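Protein sequences appear in the order of chains A and B.
Counted from 1, the first sequence has number 1428 at position 358 by the numbering used here; the numbering is strictly sequential.
Counted from 1, the second sequence has number 1152 at position 82 by the numbering used here; the numbering is strictly sequential.
Since the hints were made in silico from the structure, they are not lab data.
For identical chains, the list gives no copy identity; a pair is met inside one copy or between any two copies.
No farther apart than 27 Å at their CA atoms in a straight line, the calculated lysine-lysine pairs in the DSSO-like style are these:
1) LYS1240 with LYS1198
2) LYS1330 with LYS1080
3) LYS1435 with LYS1417
Model, not experiment: these values are computed from the prediction.
Number of protein chains: 2
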Amino acid sequence: MSFVYDIPTKVFFGEGQIENLGAQLSVYGSRVLLVYGGGSIKKTGVYDKIVAQIKGAGLELYELSGIEPNPKVESVRRGIEICKKNKIDVCLAAGGGSAMDASKFIAAGACSDEDIWTIVSKKIPVTKALPIVTVLTISATGSEMDPTAVLSNMQTNEKSPMSSPLFFPKASFCDPTFTYSVGANQTACGSADILSHLMEVYFNRNQNLFMLDRCMEGMMKTVIKYAPLAMHEPDNYEARANLMWTSSWAINGFTSGCNKAPWSCHPVEHQLSAYYDITHGLGLAIVTPRWMRYVLANDDEQGSRAQKFYEFGVNVFGIDPSTGKNQAAEMAVEKVEEFFYSKLGLKKSLSEIGIGREHFSDMAKKAAECGGGDCVNGWQKLYAADIEKIYEACLN
Amino acid sequence: MSFVYDIPTKVFFGEGQIENLGAQLSVYGSRVLLVYGGGSIKKTGVYDKIVAQIKGAGLELYELSGIEPNPKVESVRRGIEICKKNKIDVCLAAGGGSAMDASKFIAAGACSDEDIWTIVSKKIPVTKALPIVTVLTISATGSEMDPTAVLSNMQTNEKSPMSSPLFFPKASFCDPTFTYSVGANQTACGSADILSHLMEVYFNRNQNLFMLDRCMEGMMKTVIKYAPLAMHEPDNYEARANLMWTSSWAINGFTSGCNKAPWSCHPVEHQLSAYYDITHGLGLAIVTPRWMRYVLANDDEQGSRAQKFYEFGVNVFGIDPSTGKNQAAEMAVEKVEEFFYSKLGLKKSLSEIGIGREHFSDMAKKAAECGGGDCVNGWQKLYAADIEKIYEACLN
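In isolation and in its complexed conformation, chain A is listed as follows:
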């Protein structure tokens, strides 16, 4: 039961904090690469605010636009080239997880002679990277305050995560009003991602601190309360602010504490995104309840999974504590389904989004092996055969 806590990211949270961007960037140099996606930041005015800050601080602006959802290795290579050619000092991501993750790989690739896919696929440790600053416009991945990024290679159907202390942004600008324009479905998918990050740590076989479990429950309640509200009232500051700050804390390392066991649903979902390029949060919303039912059906003799689901149901969803353990556990799964499919209105099966079983066998094998072994080594060990059964359960 020990760990090292080290989250160096400075967060400027709240409306108007963007006014501090120019000064923060100046700390790291004068040549800034702005990395963003399809141009929504131009429609919302965030782009103009960023450019005004960069110009106002007398910095040089370079741009890489067109970062796609589940960022691709080709885009990252383009960014690395710009950095090397123009001696970029700092990578500035504006957007959600895709822009931020791409920036992390660009920041690492800019300081290396290796191709970035070689670094990722061979897990070569990152020893040097440009400083990263982010402007968050979607609450979801938590990449604004964490040391991890995920890169996709569609040619090999691979989606690989990588972590490095150098991937922590130096500063992140989190203005809830920048997420007012996020549509209902994307708000739902992002919120599913946040909830999943919390559940991945909460449901784990390692012992953790009571204090952290209680904080995670508070954060899960926050997502459940505010995600539907943000969908229906996109300009609700309270809802957007609560979701935004929870997205950062769900995955920055605080909640995991001494509980470093591998996650379960994320690796299972990553193969769905890798093969079908679906939105990560949507995939998680489909996978998670099936995973819950699967591990519950394969509970240990003490019924420790049912016990934890019981606590989750009581403390997060307000299920009456006098309900029997097994019944409450079952009700907790139903509450999660109700949240994802009714409250958030997300699609409830792979069939509904046009995915069939043709790649299940390959996907299950890749998911099982993604950690370097032969299983996803989380709360319950999931071998390829287990994962394939979970995919099957996701079909309808």
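Model the placement of chain B on the given structure of chain A, informed by the hints.
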């Protein structure tokens, strides 16, 4: 509703983490001033472990022992002199709030030509300080992960807090086993301090994020569950670990978020410590329930204090939510009294610790003016007359 989050302290948490101390200190230089109290670290073996790390890393050790509870300006001046004379590179505090706070002032004074009491009393901003590293041996003040320190001057009966980003320790070593030797009464006083830090932020007039309120409730539950356990089973790792990590998070700035309103009970209590040198946590345990009753008796028209006490009672102490608002608020105060005086066994009045009303008038005036105005500007404004009434209520 905006704030800047910036907590740069790296925390080595758990049994055995002290093995990393030498390497961490080396980052900051070669000449280390070890600051500690009455020698309990020698009895427990923590001193030997620290010295082994310093010697093992080839560093030079200087020592300042005898830091008293509520650290005094004279001790700090001695430390500053040692630093200046020996060109100390890093201040290493070993102990609780007293050793850590003294180290913070020593670190600042070592880089200034001004006398430290001049800096504190005139609130001269700290622009330079030696790096600070801590080894925590009592869970209480949270000074191991916060930017604040409190200095006492018994000649003028003053106890003054000071904050600076430079007061964040660079690294803190938090090994729960180092607190096994903390006696029941000190464990109780430290736990009262932790709970008070959480209540100060939780009960405030500013709006805060739902998510942070829920996290604070989780942390308060943690103190309530584990403080009595740690008193009765001093070697209970789970209890000591939960208290230790909660002590750091109760006051490091995370829970306050956008809620920066001044605290209430701390300034009222500080005068008790300043005049009578009592243990801060004991003073808080006496003051807090009286403050609760006082603000409840002076509630606004909407009954917003009763409402918040109701939520506190329901979410932290498990009071039945169907209880009426005012009744639940009253019950919540009783629960706090029960916790401090029955569960923790702390003295319940000033009379019991030999304090009378002779200085109440002066103390109340000083408390009211400590923020630079004429009142403690917290949830309810407390003028000198209000504070004197609270002291009176503390008598019996």
